[in-house]
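Student: Make a model of the complete structure from these sequences and hints.
The chain contents come next:
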Amino acid sequence: MRCGYPREDRTGVSPALGSPLSAELSAELSAELSAESSPLADAAALGLPALAEVLARDEDGITVLDAGRRYVYANPAACQMLGQPVWQLHGLDFLASFRRQEQATVLGHLPTKLGDTTAPFACVLVGPDGAEREVECSAFAIDMAGSLHCVAIFRDRTGDRAAARTAAALAQATAQLVGAGTTEEILVGISRHAVDGTRATAVGIVVVDDDHKLTISGGYGFIDAPRSRQAWTARSIGLTDLPGGDALLAGRTVVLPNARAAWEASPVMAGFAATLTGMDWQGAVYVPLSWEGQRLGVFGVYLPSGVPEPSEAELAFYTVLADQAAVAVTNARLAASLERSRLARELHDSVSQALFSMTMHVRAAQLSMVKAELDQTSPLGSSIAQLAELARGALAEMRVLIFELRPDALAEEGLMTALRKQGDALAAREQVAITVEGPEQGLDLAVGVEEHLYRIVSEALHNIAKHARGAGATVRLTSDAGILRVTVSDDGAGFDPEAGHAGHLGLSTMAERAATIGADLTIDSAPGAGTTVTLSLPYHQRGRPASDGR
Amino acid sequence: MGADARAIRVFLVDDHRIVRSGVAAYLEQVDDIEVIGEAGDGRQALDRIAAGEPGGGLPDVVLMDLLMPGLDGISATRQIRTRWPSVEVVALTSFAEEAKVRSALEAGAAGYLLKDADADDVAQAIRAAVAGQMHLDDGVARLLADSLRAPRRPADTLTPREREVLALVARGASNRQIAETLVVSERTARTHVSAILAKLDLVSRTQAALWAVREGNTSA
Chain A
1 MRCGYPREDR TGVSPALGSP LSAELSAELS AELSAESSPL ADAAALGLPA
51 LAEVLARDED GITVLDAGRR YVYANPAACQ MLGQPVWQLH GLDFLASFRR
101 QEQATVLGHL PTKLGDTTAP FACVLVGPDG AEREVECSAF AIDMAGSLHC
151 VAIFRDRTGD RAAARTAAAL AQATAQLVGA GTTEEILVGI SRHAVDGTRA
201 TAVGIVVVDD DHKLTISGGY GFIDAPRSRQ AWTARSIGLT DLPGGDALLA
251 GRTVVLPNAR AAWEASPVMA GFAATLTGMD WQGAVYVPLS WEGQRLGVFG
301 VYLPSGVPEP SEAELAFYTV LADQAAVAVT NARLAASLER SRLARELHDS
351 VSQALFSMTM HVRAAQLSMV KAELDQTSPL GSSIAQLAEL ARGALAEMRV
401 LIFELRPDAL AEEGLMTALR KQGDALAARE QVAITVEGPE QGLDLAVGVE
451 EHLYRIVSEA LHNIAKHARG AGATVRLTSD AGILRVTVSD DGAGFDPEAG
501 HAGHLGLSTM AERAATIGAD LTIDSAPGAG TTVTLSLPYH QRGRPASDGR
Chain B
1 MGADARAIRV FLVDDHRIVR SGVAAYLEQV DDIEVIGEAG DGRQALDRIA
51 AGEPGGGLPD VVLMDLLMPG LDGISATRQI RTRWPSVEVV ALTSFAEEAK
101 VRSALEAGAA GYLLKDADAD DVAQAIRAAV AGQMHLDDGV ARLLADSLRA
151 PRRPADTLTP REREVLALVA RGASNRQIAE TLVVSERTAR THVSAILAKL
201 DLVSRTQAAL WAVREGNTSA
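The listed protein sequences derive, respectively, from chains A and B. Residue numbering for the first sequence follows this note's numbering, beginning at 1 and increasing consecutively. Residue numbering for the second sequence follows this note's numbering, beginning at 1 and increasing consecutively.
One or more of the hints may lead you astray.
Taking beta-carbon pairs under 10 Å as the criterion, some of the chain B residues facing chain A (in silico) [what the hints assert, rightly or not]:
1. D14
2. D15
3. A96
4. A99
5. K115
6. D116
7. A117
8. D120
9. G139
No lab work stands behind these hints: they were computed from the structure. Keep in mind it's a predicted model, so treat the numbers as computed, not measured. Glycine residues also receive a C-beta, built at the ideal position from the N, C-alpha and C atoms.
Tutor: Here it is, written out as structure tokens:
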């Protein structure tokens, strides 16, 4: 569905002009048009008050063109849409009223012989002052005084109508948000609104995670949506891979009149572009999905050939729908985060308390063994010792889990505390001694940066536990001369960083996170010589506020 | 401990029954400590402690969870310390946020333990509280040290007398105890403490005590 309003009755473009004008009337009309006079007077003078009334009142713009596509007549509505009075329009080229890039398309829609009637098509009128107006145009050919003329009718798609359409679409989108649909269903619904209400061929909404990789998506109008989605995820296309990705990340809308050619030539995008081969598209519009300054993803519009750019009204409409999509996604994330908080609370209330109680009972058992003069090295004694160890380990694991489930945990407790918890849990589980050293004072880092640092160090520690097979590891944070340096080193097996298996160690994710926060990541390792991961980023400790209790 | 020494009387407050049972089972095996009662929230704790008072049954130490329905642990701590100054409170909780720790200490808690402490740490904290010392979980101590990082105001801006007073504060002495020890009036003791707080740019005795511990100013 590329044009037309599905909700409106499009039969009979204009009842008064549904059939060709009589030759006599046409001749009269034509003769009168050179004079400066009102269309009402013109038609009234012709003794056709009924027609005059229709022409004057019709909110559709009605124009008559001669065989050379020059205006010979325009009713008041058409004059208003075109931004010029009828005497100025007279003799002007009809095509000059359209954007240059749309003129060929418009020409293709004009009737060439009597009896030709074109289906309504969307286009944009450009006034003499450059003002744009999105209209739906239909045309048919008539014979006037023996020569072929054309009646072109414009129906306004901006202004009140567009506002009504936006309101209707918003109401529907909002209703969908409230409804029980999954986020994906809501995104599909929003995409569908966008395709139905504008000239777009297809619309796809892609939502990304912290690493800018796709997490969920929804689209409408694609010829093979599952394959397109698969192609997108297979290359793990990120926002920065898109042409104009930097502008998107900065929160700006990107219009690419030749996106198709650019994509087919791009190694990252070619696979996705290939799934759109059979689709009529050429240009693209990307509107960022933003919430509180965060980029959640992108609202991608695929425009048909002949429509390289959207009209202002279309762009506004896409922006509104992209905002709706952002709300839907934020809603879903909030729900997920509330659910995680609830889970954290439950785990804390049940499992953690039970495990703490267990460590107490185990110690009680050990003390009563002493009192009963039972051998602590007996099978009973060592089993109890083992239980104590397991309970302590499980408790440490729980603390990390609960910490990671609580969205604000890092902000509340700080990076060093978080890293110590992580180290304790891994130490208990993997029997690796993990030391965490760093400044005891809180670090002046944005929460986003702390989050990335935490994840990078966690990943490095997990690598050590999984691959290094060493006895110990050290995490060290130091800040000096405006640089915060985080090192994670182990005395384990090491590896050859050139050997190409680096991807399996999560190193690319670590590198991406580092890049996101503007940090340098280096990895020093050699077989048998342990591994040191070093992360450096510019850092300036601000003075602590005096209200901080000193 | 001597045969005639009385066991330390402990009262447990926690909304998790399994935690009370675990701690009680452990303390049962510790000779110098006995559990004399327990409660599931702050209100119940106040009621039960009050009910035991007439028979001379006040606890020496209350082991207090902080996050509980009804009257929370911090309010309960404040009320206990106001009503029965001889009763020490040790917080035993899962949370190590700085604000919680501060509130608990300012409400008068003599210790702060996390619920991943070793069992023996719990007994140790109880004994420390009775001895007038403060026992803090390692992580909690780090957190406080951070928040108390004073501007570099060397201890030598304090007069010798003030250093003596600070050492007593660090050992948990009240103004009256300071007055008795130094043979001055209670008002003078209070003036010294105020002067110390002003010089060190601190707001509470607890902070002063922590500062003293960190700076090694604990013996006069």
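Student: All hints are to be evaluated individually against the structure, with a verdict given for each.
Tutor: Here is what the structure says about each hint:
Nearest Cβ of chain A to the Cβ of B:D14: about 8 Å, under the 10 Å cut. The hint holds. Look at B:D15: its Cβ gets to within about 9 Å of chain A, closer than 10 Å, so that hint holds up. Because the beta carbon of B:A96 sits about 7 Å from the nearest beta carbon in chain A, less than 10 Å, this interface hint is met. Interface restraint check: B:A99 against chain A, minimum CB-CB distance 9 Å, threshold 10 Å, status holds.
Given the 10 Å rule on beta carbons, the hint for B:K115 holds: about 4 Å separates it from the nearest Cβ of chain A. Checking B:D116 against chain A by beta carbon gives a least distance of about 5 Å; that is within 10 Å, so the hint holds. Checking B:A117 against chain A by beta carbon gives a least distance of about 8 Å; that is within 10 Å, so the hint holds. Restraint check, B:D120 versus chain A: the minimum CB separation of about 7 Å is within 10 Å; hint holds.
Among the interface hints, the one on B:G139 holds; its C-beta lies about 6 Å from the nearest C-beta in chain A, closer than the 10 Å criterion.
When held up to the earlier numbered hints, the structure conflicts with none and fits them all.
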